[in-house]
Amino acid sequence: MQETATPNATLEAPPAADAIIRAEKIEKYYAQPSQNRIQVISATDLSIVPGEILALLGPSGSGKSTMLRMLTGLSAPTAGQVYWHGTPISQAEINVSIVFQSFALFPWLTVLENVEAPLQARGVAPAERRERSMKMLDVVGLDGFEAAYPKELSGGMRQRVGFARALVVEPEVLFMDEPFSALDVLTAENLRSELLELWANKTMPTKAVFLVTHNIEEAVLLADRIIVLGRNPGHIRTDFPVKLAQPRDRKSEAFTQLVDYIYKVLTQPDVSPAEAPGQVTEPRLRDQRQMRYQMLPHARPGGIAGLLELLIDRGGRDDMYRLAEDLAFEIDDLLPIVDAAQMLGFLKVEEGDAAITTSGEEFANSEILRQKELFRNAAVENVLLLRQIRRALDAKSDHTVPEDFFMDMLGEQFSEEESQRQLETAVTWGRYAEIFDFDSARRRFVLPDALEEEIAPREEAK
Amino acid sequence: MSLPRPLARSLVTVRRTPFFIDLGVAACALALFFAIVSTGVYWFQKPIPVVPISSSIGALHLYAFYSIVRMAIAYFLSLAFAISYGYIAAYNPRIEPWMVAVLDILQSIPVLSFLPPVVLAMVSLIPGHQLGIEMSVILLIFTGQVWNLAFSFYSSLKTIPKEMLEAASVFRYSGWQRFWQLEMPFSAIGLVWNSIVSVAGGWFALIFCETFTMGARNFQLPGLGSYIQTATNNGDVHALLAGIATVILIVVATDQLVWRPLIAWSDKFKFEQVESAEHVTSPVLELLRRSKILETLPGRVWNRVEEPVYRRLAKSKECRVVRPLEEAKSAKVSPALWAVAVAGGLAVCWAAAQAAFMLRTITWPDLRLLLEGAAATFLRVNAALLLSALWTIPVGVAIGLNPRLARVVQPLAQIMASVPATAFFPILLIGLVKIGGGLGIGSIALMLLGTQWYILFNVIAGAMSIPSDLREVCTVCRFTRWQKWTRLILPGIFPYLITGMVTASGGAWNASVMAEYSHVQGHTLSTIGLGAQIDAATDSGRFAMLLLATIFISLMVVTMNRLVWRRLYRLAETRFKLEG
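Going down the list, the protein sequences come from chains A and B. Numbered per numbering that gives the first Met the number 0, the first sequence spans residues 0 to 461. Numbered per numbering that gives the first Met the number 0, the second sequence spans residues 0 to 579.
Just chain A, same shape as in the assembly (with noise of 0.2 Å):
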């Protein structure tokens, strides 16, 4: 696992000496209440450079927030160390920000009170906070505002608070966790052209940024670098910089390749990712580990049906990226339908294109109770998860089993809660496709009621 990720990323990234963050191996476990620990990030290498927007992106569940945390001090890593110029994290006097996707602003105080609340915190007298603070609000388009309170106002102008108290403190990084996903895709593009305005003309005294996005787009508009993290557990995938002149054209050649490499990159964990386009990077391999489960996409069936329809009307074959666009899908809405799909043979990925197969074509074409049957039989073939639930449900006398005894066999492998929405995603599939159902008062799988009653009859004949 130690050769997932080593630094000097990029040729031109200055040495390691001038980062202003840096984590060395830093690994990341959470403890499950059955003694076993759970690997969320494995060892990992990253630096954080003045003068430079870094983009950290990844499909959910790749510990993209864990490692912002760990890199803010907010938590401790389990293996490793993080640096702020040089000095052991948590003994320095580190100078950060965060731009939260909740905001997270004080709803009790007014705009300026939550603006001036971290200059109170360092001790700035009251008439330096008020200045300061005002200055701020101007800078991000505020002024007017700071008498009202959060939640007069709408998502946009709250971040634009979540920015102005974040910048009010001159950070020397301000990390962002999601900032934009909260809002709607017109608000969220001008605050994106505003921040980088912001960046471009220094008028934000902040010497480099960290962004965490699950946006492609937004993380090639906006970054100089990127890193892309793949998931169980969390690593680095693939780090390059992004050469393209600002202001970025999304029509752009360029601009287009890259996010399809992105895609491609995403959309194909187990192969060890090509160089990006015009990139001089070093490519990175990681051997997967063998997993006894796969991990189930959360992914709706209705959703599956859905994409594969389109991809009919295209004539059977579409590139992900337009699909992405059209549906005016994020990657984090898309990926899951396409992994679903990839994963009961019904759908290929081929460079970046999403193609239908066979089985797929006639999946889509299907009325509901052959689509039913069609799904049912993909998943029980594919799907290991459903099938031993299936198999656990025929065997026992009663035909019910305990959602418990699959969460202990889950939690070897999984946390708890993604082992929660594994079993989530399990039951909405598996009652979809009548393999079995879910008793949620007794928390027990049990046989859908059709067949229960059928099976009743032929026992009593024993």
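Calculated from the structure, these hints are not laboratory results. Do not rely on the hints blindly, as some may be mistaken.
[Said to hold, decoys possible] List of simulated lysine-lysine pairs, DSSO-like, C-alpha gap at most 27 Å:
no., chain 1, residue 1, chain 2, residue 2
1, B, K433, B, K316
2, B, K314, B, K433
3, A, K134, A, K201
4, B, K161, A, K150
5, A, K150, A, K134
6, A, K206, B, K269
7, B, K433, A, K150
8, A, K263, A, K250
9, A, K206, B, K314
10, A, K150, B, K269
11, B, K157, B, K267
12, A, K242, A, K134
13, B, K157, A, K134
14, A, K242, A, K263
15, A, K24, B, K161
16, A, K201, A, K242
17, B, K316, B, K157
18, A, K263, A, K347
19, A, K24, A, K206
20, B, K314, B, K161
21, A, K150, B, K267
22, B, K269, B, K157
23, B, K316, B, K483
Starting from the known structure of chain A, arrange chain B on it as the hints suggest.
What follows is chain B alone, placed relative to chain A:
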């Protein structure tokens, strides 16, 4: 919806702690009881002068003042203690399960049964018996109020969103700033609502405590409770009515002058992203807000205090380094702490054993009496709950489905819930004596008087929360009345009903202690019941009986909570939750 929260005692629901913790807590309680009794017994022999209580209406304002002062002291003590307790429990993972278990058990024990030993202990500890009795009454009201508040604060702290904590941490807030800008505001609403319930319980206990007698000894304190009691004993109907009127007046005034403004004010601490359309309004708060002095003065004074603190704290290490949020868990325990813990544990074991040893004087007939009493009280409490539910469900639903009526009745129910039923008890008793009814029915009536309002209040809230589109579905689908009730209304109000019943059941158990045994106009009225056993044991100074009866009552309450209420609660939270 006019009220965002149900009026309820908090119930510890989501918790899984090992059995030994409960056992440990029970041992602690036993030990405490023993300590209290053994201090008390020293003093038991000494005589005590009786404070004469006047029943002239002219003295009423003075008595009211005494009672209010007692109440206020006990309340602020509870608030301060509850906040420290919740804070320590939430931020010290090592002792957290213990502290939560203590909360869980202590808030279900009827405190009134602790009154006799506590009075004795305090009187013997504090020279000048009057002060001793005062202290014991305050202590008792305090213990009745504090657990509810502590649990509310603790669970608020536990539900602060992680990103808010991270924001506080990454912006290097000191503990002080975090407390005032994050933790207190976040828990304010819960504290206000729980204070209403706590203070109502406090009045109930206060009125009872002020009239406390033990055998021939009289521990009366000048106050509203003793005033009403004296008036009853003297058969002075005017004084009696005046006393009750004063109690109601105080409760209404507290509601209008304190709680309403507080509820309206705490609205700004609601943790919401979008502003909700309806607010609780309070004319008093509006008036206060118009005052120029009040607008600027507290802020300025507060700034004077606050600024130097912030300036000093900014230089501390705490404010210069970002600490990991999960750090606290890895702290090591020093050997000294271990030694203290072991010594404490041994002391507790010894005292618990002593207390248990005290039980040797219990004879088989005693035990039979207690068991009979337990059964009778159990039936009585549940009969009271059932009766309240029977009338409040239809009435509450009718009111709740009519929003205009609900807006008027719900605050009234809230006030009624706060009026201490103990104040009406003397009248009830006189009535019973006159018509020759027994205390068996009388005690159920008293429990009803105190508890039904909680259920009514919550049922109204529940009925109001049923979405109107679901009601329209019932109309469109032509549901019969039966279908409408079983398919929509009962499931819809279920969570609220359970909340109300849990609170009511706590109140009813507490009431049983005083309802089943009473001195009135020279007679001693009593019926079979645990509460009566407790009182009788008190009168005759039989601490062993008192202890065993208290253990019984606590066991029953705790078991009921665990086996019945908590399960229903969970059901209410999962299956019958109306997700908006």
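Hint check results:
no., hint, in the structure
1, B:K433 / B:K316, "73 Å, violated"
2, B:K314 / B:K433, "74 Å, violated"
3, A:K134 / A:K201, "15 Å, holds"
4, B:K161 / A:K150, "19 Å, holds"
5, A:K150 / A:K134, "22 Å, holds"
6, A:K206 / B:K269, "37 Å, violated"
7, B:K433 / A:K150, "61 Å, violated"
8, A:K263 / A:K250, "19 Å, holds"
9, A:K206 / B:K314, "25 Å, holds"
10, A:K150 / B:K269, "10 Å, holds"
11, B:K157 / B:K267, "20 Å, holds"
12, A:K242 / A:K134, "33 Å, violated"
13, B:K157 / A:K134, "36 Å, violated"
14, A:K242 / A:K263, "19 Å, holds"
15, A:K24 / B:K161, "26 Å, holds"
16, A:K201 / A:K242, "20 Å, holds"
17, B:K316 / B:K157, "25 Å, holds"
18, A:K263 / A:K347, "12 Å, holds"
19, A:K24 / A:K206, "24 Å, holds"
20, B:K314 / B:K161, "26 Å, holds"
21, A:K150 / B:K267, "10 Å, holds"
22, B:K269 / B:K157, "16 Å, holds"
23, B:K316 / B:K483, "63 Å, violated"
In this structure, the earlier hints numbered 1, 2, 6, 7, 12, 13, 23 are contradicted, and the remaining ones agree with it.
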